[in-house]
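J.: Listed below, chain by chain, are the residues.
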Amino acid sequence: MTPTTPDTACALTARDYKSDLKPVWCPGCGDFSILMSITMAMAQIGRPPEEVAVISGIGCSSRVPAYTNCYGFHGVHGRALPLATGLKLSRPDLLVLAAGGDGDGYSIGGNHFLHACRRNVDLTYIVMDNQVYGMTKGQPSPTTPPEWDSALVPGGTGLRPFHPLVIALAAGANFVARSFSGDANGTAQIIVDAIRHPGFSLIEILSPCVTFRPEERDWAKQVHPAAVAETGDRAQAARRVLTDDGFNTGILYRGDREPYQPAFHPVEVEGADFDADFLP
Amino acid sequence: MNTASPYDHSSVVFADRETLLAHAYAIELEAAERYQALAEQMYSCGNDEVADLFAKLAEIEGKHAAELSLEHGAASTPMAAADYMWSGLESPEAIPFGDMHYLLQPYQALTLALAAERRAHAFYEAAAAQSPNADIRTLAAEFASEEADHVFLVLDWLQRYPEPEPDWDEDMDPPESL
Chain A
855 MTPTTPDTAC ALTARDYKSD LKPVWCPGCG DFSILMSITM AMAQIGRPPE EVAVISGIGC
915 SSRVPAYTNC YGFHGVHGRA LPLATGLKLS RPDLLVLAAG GDGDGYSIGG NHFLHACRRN
975 VDLTYIVMDN QVYGMTKGQP SPTTPPEWDS ALVPGGTGLR PFHPLVIALA AGANFVARSF
1035 SGDANGTAQI IVDAIRHPGF SLIEILSPCV TFRPEERDWA KQVHPAAVAE TGDRAQAARR
1095 VLTDDGFNTG ILYRGDREPY QPAFHPVEVE GADFDADFLP
Chain B
63 MNTASPYDHS SVVFADRETL LAHAYAIELE AAERYQALAE QMYSCGNDEV ADLFAKLAEI
123 EGKHAAELSL EHGAASTPMA AADYMWSGLE SPEAIPFGDM HYLLQPYQAL TLALAAERRA
183 HAFYEAAAAQ SPNADIRTLA AEFASEEADH VFLVLDWLQR YPEPEPDWDE DMDPPESL
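Chain order of the listed sequences is A and B.
So the mapping is simple: my numbering equals the position in the first sequence, first residue as 1, plus 854.
So the mapping is simple: my numbering equals the position in the second sequence, first residue as 1, plus 62.
FYI, nobody ran anything at the bench for these hints, they're computed from the structure.
A couple of the hints might just be wrong.
Claimed, not checked - Straight-line alpha carbon distances no greater than 30 Å define the calculated DSS-like cross-link-like pairs of lysine-lysine that follow:
1. Lys876/A with Lys991/A
2. Lys1075/A with Lys125/B
3. Lys125/B with Lys876/A
4. Lys876/A with Lys1075/A
5. Lys991/A with Lys1075/A
These numbers come from a predicted model, not from an experiment.
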């Protein structure tokens, strides 16, 4: 076997992308594995941390920029994608990742999600979907099953869950995948593939919330690789994800849309110009 | 705890010594890093007894990784994630993050460590039985023997701790009430 080498000659390891801050997620949380997958993927891509930006909104999973030593922006709730889009358009040289959870991305940031798929800017969006608002103590999120019963939603919401993968396909995302947090190596490889694929890539990662959805620990037994190979046919991919059991993992769609990247004209701005806006 | 992660060692076959050593090094290093991460998780939620235990295991596994480099010349530069042929979702000696619980007791922590050592043992046994080259088989058998020693050590260690009560995870002041 010939080992695959990183994209650059300077071999970086996953440790090179971790910050000194220790995650404060609950023990058992899937986000620990996903953080590891992100750093493993970065090492394989081989771009140095100062050429990578990790952008997030609000929520447990949105703490992820602080746990990497890449550039990062822990933004406003639901606004990871507009921030990431703006950054990528103004700094196309950077590798831009957006990350967050299902509530942040599909509810508060739902409209941004649609238009990020439509614009197809070359960035990768990692959604750590635990089907609950964990940080705010367990309210149902857009992906929570209708029958999920808890003290906060006795009898369940009765509402049809949001289907992010189908919506991403319909809105124009150029790469769509589903993964499971417990498969750190498989997730890392999908992140690498998503980054290398031009345009907007969505990776939906099933990430158990062991505190508010302890039954999600069973996802480890339910996930399975997709039985069919990835497709470049958007309609076929949509049909597949509409009819699967929600636990198919792997790359589900890889399209060929041109990414949106308008001609870049850097504007020289003096620091004093910024000061003029803020200082009396 | 979910300890039912599937591990199938039937395709563990090594064609060359370098790749076997790369896997062996990764097994020890990932185990060490995982134990360290688990120790930090437990410290952060005030479970110092289990945290100390994981920190000790991290130290032991780190020494194993260093020994592999010194004694066998294992390269410390990792291969790409896709180049490892693990028989489960991760390297066999890394305890899955998903098996953690903030109220975990030492007995359970060591039970998880025991399962990890057994997985590593089974991995090397499969490599020893299935690899075509005699030298590779010998080296894999040596590693399997070392892992078998670790299994006995953990079993011995396990006897020092009582088995948890059935309601071990009942928290009268659960985090969701904060």
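J.: Run every hint past the structure and note whether it holds.
T.: Each hint tested on the structure:
1. Lys876/A with Lys991/A: holds (21 Å)
2. Lys1075/A with Lys125/B: Answer violated: Lys1075/A to Lys125/B is near 33 Å, above 30 Å.
3. Lys125/B with Lys876/A: holds (23 Å)
4. Lys876/A with Lys1075/A: At roughly 28 Å apart (the allowed maximum being 30 Å), Lys1075/A and Lys876/A satisfy the hint.
5. Lys991/A with Lys1075/A: holds (26 Å)
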